[in-house]
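**Student:** Line order of the protein sequences matches chains A and B.
For the first sequence, our numbering gives the first residue as 18, with consecutive numbering after it.
For the second sequence, our numbering gives the first residue as 252, with consecutive numbering after it.
In case anyone wonders, no lab produced these hints; they're calculated from the structure.
Keep in mind that this is a model prediction, so the values were computed, not measured.
C-beta: ideal position from N, C-alpha, C; glycine also.
To give an idea of the chain A side of the interface with chain B (calculated C-beta under 10 angstroms), a few residues:
(1) Tyr48
(2) Gly59
(3) Leu60
(4) Gln62
(5) Met67
(6) Val71
(7) Asp73
(8) Gly115
(9) Leu118
(10) Asn122
Only part of the chain A face toward chain B is listed, based on derived beta-carbon distances under 7 angstroms:
(11) Tyr65
(12) Gln114
(13) Pro117
(14) Phe120
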Amino acid sequence: EAQVTQNPRYLITVTGKKLTVTCSQNMNHEYMSWYRQDPGLGLRQIYYSMNVEVTDKGDVPEGYKVSRKEKRNFPLILESPSPNQTSLYFCASSPIQGSPLHFGNGTRLTVT
Amino acid sequence: ILNVEQSPQSLHVQEGDSTNFTCSFPSSNFYALHWYRWETAKSPEALFVMTLNGDEKKKGRISATLNTKEGYSYLYIKGSQPEDSATYLCAFCRGSTLGRLYFGRGTQLTVWP
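Could you put the whole structure together from the sequences, leaning on the hints where they help?
**Tutor:** The following block contains the structure:
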């Protein structure tokens, strides 16, 4: 089944404890991207990747890192999480930039 | 940060009513406009990607139009059903920053039986 898989679905952590949210797609998509969703705000782009080894900042990259060492994986890394990074996170992919996005199931992160 | 506005913020209609909502975006340097449907506790699902001025797309009872010169897109739902209840998101992509996608805050539609 064609899908974008995020893990974990839920995560509660403490301030400063490094964490990684994984994202993997099995559709051979070139483009991948991370978003966060906060109440009252639209989806805001964190980082995106047009292809392997090519990543770029979105609207809200501060406090996040990404890597794209292989086409299928695009992990989101929080080196030192803070409470303002408590949010719902979505990974998405598409064959090329401009085509419809396929979203993962989301990761709800709470940083205390 | 680029502004993408959606209106209304929320909408309540009766089953069978037709409805429409608006997405406004900058008219310069247009590349693509996306529409997504997002049901509670699920992930957003793509409805349309529109790229040409005057484009019209249709999927069942849902259709969309695009005016890139004035910077707006309309989403129409004909004969709304309770299962159409969801948040509808639009997202704008500009030509100078391919890869960047700017989402509106969405229109939350509730269809009462």
